[in-house]
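Modelling step: build the complete structure from the supplied sequences, incorporating the hints.
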Amino acid sequence: MEKLLERCMELSDGEEFVFSDGRMDSSIMLIGEAPGENEVKLKRPFVGKAGKNLDEFISMLGIERDDMYITNAVKIRPHKLSLKTGKRINRSPSKAEVDKFRELVLEEIKLITPKIIVTLGNTPLKQLLQRDVRIGDVHGMLMYVEVGDKTYMLFPLYHPASIIYNRDLRQVYIDDLSRLREVIHGLGI
Numbered sequence: 174m175e176k177l178l179e180r181c182m183e184l185s186d187g188e189e190f191v192f193s194d195g196r197m198d199s200s201i202m203l204i205g206e207a208p209g210e211n212e213v214k215l216k217r218p219f220v221g222k223a224g225k226n227l228d229e230f231i232s233m234l235g236i237e238r239d240d241m242y243i244t245n246a247v248k249i250r251p252h253k254l255s256l257k258t259g260k261r262i263n264r265s266p267s268k269a270e271v272d273k274f275r276e277l278v279l280e281e282i283k284l285i286t287p288k289i290i291v292t293l294g295n296t297p298l299k300q301l302l303q304r305d306v307r308i309g310d311v312h313g314m315l316m317y318v319e320v321g322d323k324t325y326m327l328f329p330l331y332h333p334a335s336i337i338y339n340r341d342l343r344q345v346y347i348d349d350l351s352r353l354r355e356v357i358h359g360l361g362i
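Positions in the sequence shown are counted from 1; adding 173 to them yields my numbering.
Hints are computed from structural coordinates only; laboratory data are not their basis.
One should not assume that every hint holds.
[Unchecked claim] So the derived label-pair ranges between C-beta atoms look like this:
| # | residue 1 | residue 2 | range |
| --- | --- | --- | --- |
| 1 | Lys216 | Gly321 | 37 to 47 Å |
| 2 | Lys257 | Lys323 | 42 to 52 Å |
| 3 | Arg352 | Ser255 | 36 to 46 Å |
| 4 | Gly361 | Thr324 | 13 to 23 Å |
[As the list claims (entries may be wrong)] In the DSSO-like style, the derived pairs of lysine-lysine whose C-alpha atoms are separated by at most 27 Å in a straight line are:
| # | residue 1 | residue 2 |
| --- | --- | --- |
| 5 | Lys323 | Lys257 |
| 6 | Lys288 | Lys299 |
| 7 | Lys216 | Lys299 |
| 8 | Lys288 | Lys323 |
| 9 | Lys214 | Lys260 |
| 10 | Lys222 | Lys176 |
| 11 | Lys253 | Lys225 |
| 12 | Lys253 | Lys214 |
| 13 | Lys176 | Lys225 |
| 14 | Lys216 | Lys176 |
| 15 | Lys260 | Lys176 |
| 16 | Lys222 | Lys257 |
| 17 | Lys253 | Lys273 |
| 18 | Lys222 | Lys260 |
| 19 | Lys299 | Lys222 |
| 20 | Lys214 | Lys257 |
| 21 | Lys257 | Lys288 |
| 22 | Lys225 | Lys214 |
| 23 | Lys273 | Lys288 |
| 24 | Lys225 | Lys288 |
| 25 | Lys273 | Lys283 |
Note that the Cβ used here is the ideal one computed from N, Cα and C, for glycine as well.
This is the structure in structure tokens:
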């Protein structure tokens, strides 16, 4: 893990980064998009508003956040300057940023060897599958992804922040979590 952390520092080019959080022997690996302002301050993934949603959803699965390994597709905060305030605001990661951290994420997967990978949103889904796929088309479906010489179960979910911006997705998210809970229990987790 130390080598991965060193590699993350190199790839971050002096920008503040957020690496990962959770158990290295976890059966469940969550991959989000990228850290936001709060995550960078606290050096931990999913601690802002989206993190509160994520914690609520994890509790619906009947497991604890500390029992998972949580990381992001991009380890630095993608940002732009607000035209109104001149302050940094979040933006979606660019393809170059996603590609830059891809090998690092794949190495994390190989190190953790989870039974199931849960992607949160489009960014980590596309990063892993390396094709143009939309979360709206595949959310809540069990898929598979090859990493190295191993095939992993992959379960895409909407990003928890999407519920903040689109309340209509809440029930969809709950239904997807119900399917994920069935898969997790089927794996004996």
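Problem set entry | Contradicted hints - numbers only | 1, 5, 10, 13, 15, 21
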